[in-house]
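Put chains A and C on the given structure of chain D with help from the hints.
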Amino acid sequence: MSENKVAAPAKKLRFMPQLAGRPYLGLSLTLAVIVIMILWPLVTGKDITRETVFTILLSVTLASSLNILLGYTGYVSFGHVVFFGLGGYVGFYLLAIQGWSLWMAMLAGGLSSALLAYLLGRAILRLRGAYFALATIGINEAMRAFINNFKPFGGPIGMTLNFQVYRDYGGASQALWMVFYTMGALTLLAVTVSFFVRTSKFGLGLLAIREDEDAAEVMGVVAPKAKTWAYVLSAIFPGIIGVLFFFKNGSIEPAPAFRLHFSIETIVMVMLGGQGTVLGPVVGSGLYQGIRGYLLTSAIFKNIQLAVAGGLLLLIVLFVPDGVIGWLRHRFPFLRRVLQ
Amino acid sequence: MDFILASVIDGLLLGFVYGVAAMGLTLIWGVMNVINLSHGPIIALGMFGVYLIFGAFSLNPYVAILIVAVLGLVLGVAIYYVAVQRVINAPHLSTLLATFSVNMIIIGLGTAIFSASPRNVEFSLGSLTLGPITLLGTRVVAAFAAMLVAGALYLFLYRTRYGRYIRAVANNRDAAELMGVPSNRILALSFGLGTMLAAIAGGLIATFFPFTILAGGAYELKSFVIGVLGGLGNPIGALFGGLILGVLEGIIPTFMPTTWVPVVEFLLFVLILLVRPQGLFGAKS
Amino acid sequence: MNRKLLVILMLLMVSLFVACGGDDAAAPAAVDEPAPAEESAAPAEEAAPEEAAPAPETQTIVVGYTASQTGSQNVSSTRQVNGLMLWMNQVNAAGGLELSDGTKIMFDHVSYDDESNTDRVQELYTRMATEDDATFLISPYSSGLTAAAAVIAEQYGKVMVTTGAASDSTYQQGLTTVFQAYTPASRYLTGAVDLLAQLDPTVKKLAFVYENSKFSTDVVNAAKAYAESLGYEVVLHEGYDPETTDFGPFINKLQDAAPDAILGGGHFQDGSTFARQINEKNLEVNFLTLLVAPPEPDFADLGDAALGVIGPSQWEPQAAFTKASADEAGMEFYGIESDQFVIDYEAAYDGEEPSYHSAGGYAAGLLLEKAIVDADSTDPVKVAAALDAMDLLTFFGHIKFDTTAESHGLQIGHSMVYIQWQEDGGNLGKQVVWPAEGATADALYPMP
Numbered sequence: 001m002s003e004n005k006v007a008a009p010a011k012k013l014r015f016m017p018q019l020a021g022r023p024y025l026g027l028s029l030t031l032a033v034i035v036i037m038i039l040w041p042l043v044t045g046k047d048i049t050r051e052t053v054f055t056i057l058l059s060v061t062l063a064s065s066l067n068i069l070l071g072y073t074g075y076v077s078f079g080h081v082v083f084f085g086l087g088g089y090v091g092f093y094l095l096a097i098q099g100w101s102l103w104m105a106m107l108a109g110g111l112s113s114a115l116l117a118y119l120l121g122r123a124i125l126r127l128r129g130a131y132f133a134l135a136t137i138g139i140n141e142a143m144r145a146f147i148n149n150f151k152p153f154g155g156p157i158g159m160t161l162n163f164q165v166y167r168d169y170g171g172a173s174q175a176l177w178m179v180f181y182t183m184g185a186l187t188l189l190a191v192t193v194s195f196f197v198r199t200s201k202f203g204l205g206l207l208a209i210r211e212d213e214d215a216a217e218v219m220g221v222v223a224p225k226a227k228t229w230a231y232v233l234s235a236i237f238p239g240i241i242g243v244l245f246f247f248k249n250g251s252i253e254p255a256p257a258f259r260l261h262f263s264i265e266t267i268v269m270v271m272l273g274g275q276g277t278v279l280g281p282v283v284g285s286g287l288y289q290g291i292r293g294y295l296l297t298s299a300i301f302k303n304i305q306l307a308v309a310g311g312l313l314l315l316i317v318l319f320v321p322d323g324v325i326g327w328l329r330h331r332f333p334f335l336r337r338v339l340q
Numbered sequence: 001m002d003f004i005l006a007s008v009i010d011g012l013l014l015g016f017v018y019g020v021a022a023m024g025l026t027l028i029w030g031v032m033n034v035i036n037l038s039h040g041p042i043i044a045l046g047m048f049g050v051y052l053i054f055g056a057f058s059l060n061p062y063v064a065i066l067i068v069a070v071l072g073l074v075l076g077v078a079i080y081y082v083a084v085q086r087v088i089n090a091p092h093l094s095t096l097l098a099t100f101s102v103n104m105i106i107i108g109l110g111t112a113i114f115s116a117s118p119r120n121v122e123f124s125l126g127s128l129t130l131g132p133i134t135l136l137g138t139r140v141v142a143a144f145a146a147m148l149v150a151g152a153l154y155l156f157l158y159r160t161r162y163g164r165y166i167r168a169v170a171n172n173r174d175a176a177e178l179m180g181v182p183s184n185r186i187l188a189l190s191f192g193l194g195t196m197l198a199a200i201a202g203g204l205i206a207t208f209f210p211f212t213i214l215a216g217g218a219y220e221l222k223s224f225v226i227g228v229l230g231g232l233g234n235p236i237g238a239l240f241g242g243l244i245l246g247v248l249e250g251i252i253p254t255f256m257p258t259t260w261v262p263v264v265e266f267l268l269f270v271l272i273l274l275v276r277p278q279g280l281f282g283a284k285s
Numbered sequence: 001m002n003r004k005l006l007v008i009l010m011l012l013m014v015s016l017f018v019a020c021g022g023d024d025a026a027a028p029a030a031v032d033e034p035a036p037a038e039e040s041a042a043p044a045e046e047a048a049p050e051e052a053a054p055a056p057e058t059q060t061i062v063v064g065y066t067a068s069q070t071g072s073q074n075v076s077s078t079r080q081v082n083g084l085m086l087w088m089n090q091v092n093a094a095g096g097l098e099l100s101d102g103t104k105i106m107f108d109h110v111s112y113d114d115e116s117n118t119d120r121v122q123e124l125y126t127r128m129a130t131e132d133d134a135t136f137l138i139s140p141y142s143s144g145l146t147a148a149a150a151v152i153a154e155q156y157g158k159v160m161v162t163t164g165a166a167s168d169s170t171y172q173q174g175l176t177t178v179f180q181a182y183t184p185a186s187r188y189l190t191g192a193v194d195l196l197a198q199l200d201p202t203v204k205k206l207a208f209v210y211e212n213s214k215f216s217t218d219v220v221n222a223a224k225a226y227a228e229s230l231g232y233e234v235v236l237h238e239g240y241d242p243e244t245t246d247f248g249p250f251i252n253k254l255q256d257a258a259p260d261a262i263l264g265g266g267h268f269q270d271g272s273t274f275a276r277q278i279n280e281k282n283l284e285v286n287f288l289t290l291l292v293a294p295p296e297p298d299f300a301d302l303g304d305a306a307l308g309v310i311g312p313s314q315w316e317p318q319a320a321f322t323k324a325s326a327d328e329a330g331m332e333f334y335g336i337e338s339d340q341f342v343i344d345y346e347a348a349y350d351g352e353e354p355s356y357h358s359a360g361g362y363a364a365g366l367l368l369e370k371a372i373v374d375a376d377s378t379d380p381v382k383v384a385a386a387l388d389a390m391d392l393l394t395f396f397g398h399i400k401f402d403t404t405a406e407s408h409g410l411q412i413g414h415s416m417v418y419i420q421w422q423e424d425g426g427n428l429g430k431q432v433v434w435p436a437e438g439a440t441a442d443a444l445y446p447m448p
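Protein chains in written order, with this note's numbering: chain D, 1 to 340; chain A, 1 to 285; chain C, 1 to 448.
Just chain D, with the same shape it has in the complex (with noise of 0.2 Å):
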């Protein structure tokens, strides 16, 4: 049988960035909403904020990441949360076992999974469509398996911090509002990334690639690398928040970093806000965890919450395909300017 087919008809170039006029408005916008969430703790004083707020934040550097491959290049990762994993895995190797400093061990998780993205890009990004899909998850898979059985990282039984270690932050609570600036430091860092590839030659270079790889390569993108860079750079953060992530969570397994699960709840995330904007993964990120603590905790849906979230993604996959950022870009034209 057939295998091969031709891809999705071309859209539109919907989501051009506006080089003229006022290019910036967007990315305050997004940035404007970012910092009002990192502050909205402050106000309201409650730690309870503050853990619902370093969820979505959590969730929008993911989104924003998983975005600039998404999104912008049109390469559907569904094993994202690898780089997630194996950051978290290294950096928390070096925090628990090798006593290095937090920062040293984000910025090796970083590191780690930029090169994994790297090594694997050159190989794997190849691969068109539902192949490349197929091929993420089959690395994801792989590494968690490999990572079960990797006894330096704890094998099955993976790591534990010492409860000490906060006190060299200030101690467990300090360590705590350290550990979520940190987090909001980070997100807004990842948007501004998100922003300037996009509206960058090189980002115009992966919007041409999502479009059309073919004719991008005949226009005279050089496919193969930039797609690698954009892989690169989309597994960069995943991995930095992964160290972040298990250092507030005082132990890492392996099924919990690895789950496939929370990859493929990134792609909606993303999907909801909007793929390929700016913005699109931050409304995303919020709405989609407001949904599922709702859900999660209300006295009607708690049942059957998951299916109730599979019903309203299957609302918004069949009607909604645009997210709501894309949708409200859509119907109100003049919105353009403001919702990147």
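It is possible that some hints are incorrect.
[Claimed, not checked] In the DMTMM-like style, the derived pairs of lysine to aspartate or glutamate whose C-alpha atoms are separated by at most 20 Å in a straight line are:
no., chain 1, residue 1, chain 2, residue 2
1, C, Lys205, C, Glu238
2, D, Lys151, C, Asp241
3, C, Lys382, C, Asp133
4, C, Lys382, C, Glu154
5, C, Lys323, C, Glu238
6, C, Lys205, C, Glu284
7, D, Lys151, C, Asp168
8, D, Lys201, D, Glu217
9, D, Lys46, C, Glu154
10, D, Lys46, C, Glu131
11, C, Lys323, C, Glu284
12, D, Lys151, C, Glu238
13, C, Lys400, C, Asp168
14, C, Lys224, C, Asp168
15, C, Lys104, C, Asp327
16, D, Lys46, C, Asp133
17, C, Lys205, C, Asp194
18, C, Lys323, C, Asp304
19, C, Lys323, C, Asp391
20, C, Lys204, C, Glu233
21, D, Lys302, C, Asp119
Just so you know, the hints here were simulated from the structure itself, not pulled from any lab data.
Positioned in the frame of chain D, the structure of chains A and C alone reads:
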């Protein structure tokens, strides 16, 4: 080295059943370029179908599988019309997410109804001992049933009118449409056949392994690996892919720790995607 | 087309509304769990000043925990919660606890679904500790989730009694407010080795076959070291993937290695599958001990394959920990006795037989209760001190916590009992076969 022989035979018997599950996945891919991420939960529903029918009516599990097959077909057609039809021409991401949301719905409702507690179909056909090798009745029958299903699918695809339609749509949907093939209905039928195969595989597995509502996930991943081994879109290749995987699972543990099996499997999977994306048996396209 | 858009718009509005409402609306959602008997008192009031209060007053204490309502740990977690809720309802039905100043303590609970994974455990525990005013915490089910929850308990200085969380490593992180009700993983299987040594001193060759997960690996590593120190030869030591359903390759390998005894397993599903396939494949084995699965009442569904299988259990209905036995040993006894627990539990949950997870849940509540009584206060520091000093017998067994800095809160009093499935007049039943002083029957050896 008797135990290697025993492991190979065990692996082959299981491989047939894995093959049937993968045939379902790869048939859908071949006809409509959709990776069905609700494959695993449907396998689990096949298991529960047999479990419930066997429990409620004490029907022979193999008769129950026939009923489950029909239900699987109906369910698949329904999923197609509700979740897939609208996005069939959209980019891959849409169909992946649409079928994934079906996955979430089935798992969510399934856990609420059945909980995640393990189930068991209390059924045995005894065992057959040949020298050092002990064969379980249920697994031997399952392997034969799997061969039967594969044969029937082959006959259906190559000897019937609807089979020809399916192949025509798989080859070129627009051309088939021009020739008067009702392509949308054929796509629905293909999706139904794919889920039917998944449900049958689930039913067969239920006769010898315990399971939970979440058990399908592992077989879904196996189906991906097998589908790629045999060539995505090639249902008969999938049967051979299943046999290869079964034998690998039997042999690898004889010379290295069993926990390395998934590492080897998934690396092989990625490698084949890279080197021979048409599968081990596919012709170069 | 326009109508469709309208519908979509409305849907989006609804989800937005839902999302925004979520964070605020979720906070006070003190959720009602399957509460068998009666609903407990009103939402938590702020802890009132304790000493000065002249007239007796009622104080409601909130106990927080997460349950795995979905996901792979759903069954064991539900039993654990059932046990805990039984305890709470009994205390409240008896009018609560009374402190020396006349204050009455009633209990309420707040719980959320952790979906059997760690993602949200910390967020949910923080919510309970800060928003829902939970004074005390109970752990989730499983070592992995508990490790994440323990960090939060420590950060907020909340006392957390853990149950269903055996791995030692959690208690070696330098925590000070977390207390373990279960026998830790490092002592889970060592009794089985002792039992084997007593049954057949000629046995030399052991095989360890276990699930490649945190808990089982912890257990088996400790048991293997212990067995080797006794001079046993380990002919096979190998893990399997948690999702394994086909044990054929293992059984073939075991046939080749020909051990006298097999120890290992992991959780319910893999353990029962392994036992079933060993039986189907007619593997000759004299002694088979598996983790978690055998003590579960459902293990009986395996029929012949269950016969002779031994399993370590945190608690068994037959375990004879009574007031009388405590007096005999010169120990303090507190709370319900086992037979009464079984009767009450079955009455509360439609005849469901309690497993050790249920008993663990009940015990966690009971320990908290006792600590509050001993401390004569609900102040976390005083309650933690009372737990530190605790050394008593309950229906669940002997309870005493490690108070050293390295492994504070680790359970050092409690020990496992070992059950074996035996035939009794045509019926399969569990018999306690070890330790000898608590045994209800001699072990079947070699297993049939």
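Structure-based check of all given hints:
Of the supplied pair hints, the one linking Lys205 (chain C) and Glu238 (chain C) holds, its CA atoms being roughly 15 Å apart against a limit of 20 Å. Our distance criterion of 20 Å between C-alpha atoms is met by Lys151 (chain D) and Asp241 (chain C), whose separation comes to about 15 Å. Between the alpha carbons of Lys382 (chain C) and Asp133 (chain C) the distance comes to roughly 18 Å, so the proposed pair stays at or under 20 Å and holds. Taking the CA atoms of Lys382 (chain C) and Glu154 (chain C), the gap is near 15 Å; set against the 20 Å cutoff, the hint holds.
For the suggested pair Lys323 (chain C) and Glu238 (chain C), the alpha carbons sit about 43 Å apart, so the restraint of at most 20 Å is broken. In summary, the hint linking Lys205 (chain C) to Glu284 (chain C) is supported, as the alpha carbons are separated by about 14 Å, within the 20 Å threshold. For the hint linking Lys151 (chain D) to Asp168 (chain C), the alpha-carbon distance of about 18 Å falls within 20 Å, and the restraint holds. Taken as a hint, the Lys201 (chain D) and Glu217 (chain D) pair is honoured in the structure, with Cα atoms around 15 Å apart against an allowance of 20 Å.
Proximity of Lys46 (chain D) to Glu154 (chain C) is assessed by CA-CA distance (about 18 Å); at most 20 Å being required, the pair is judged to hold. A distance of roughly 8 Å separates the Cα atoms of Lys46 (chain D) and Glu131 (chain C); the hinted pair therefore holds under the 20 Å criterion. Between Lys323 (chain C) and Glu284 (chain C), the direct Cα distance comes to roughly 43 Å. Violation of the 20 Å bound is thereby established for this hinted pair. Among the hinted pairs, Lys151 (chain D) with Glu238 (chain C) is consistent with the structure: their alpha-carbon atoms are about 14 Å apart, no more than 20 Å.
Note on Lys400 (chain C) and Asp168 (chain C): the hinted pairing holds, with a Cα-Cα distance of about 15 Å set against a maximum of 20 Å. Proposed proximity of Lys224 (chain C) and Asp168 (chain C) is supported: the alpha carbons are some 16 Å apart, at most 20 Å. Under the criterion of a C-alpha separation no larger than 20 Å, the hint pairing Lys104 (chain C) with Asp327 (chain C) is inconsistent with the structure, at around 29 Å. For the suggested pair Lys46 (chain D) and Asp133 (chain C), the alpha carbons sit about 12 Å apart, so the restraint of at most 20 Å is met.
For the given pair, Lys205 (chain C) sits about 14 Å from Asp194 (chain C) by alpha-carbon distance, which is consistent with the 20 Å threshold. With a CA separation close to 37 Å, the supplied pair Lys323 (chain C) and Asp304 (chain C) exceeds the 20 Å bound. Among the hinted pairs, Lys323 (chain C) with Asp391 (chain C) is consistent with the structure: their alpha-carbon atoms are about 14 Å apart, no more than 20 Å. Between Lys204 (chain C) and Glu233 (chain C) the CA atoms are separated by roughly 6 Å; this keeps the pair inside 20 Å, and the hint holds.
A C-alpha spacing of about 17 Å is found between Lys302 (chain D) and Asp119 (chain C), which places the hinted pair at or below 20 Å, so the restraint holds.
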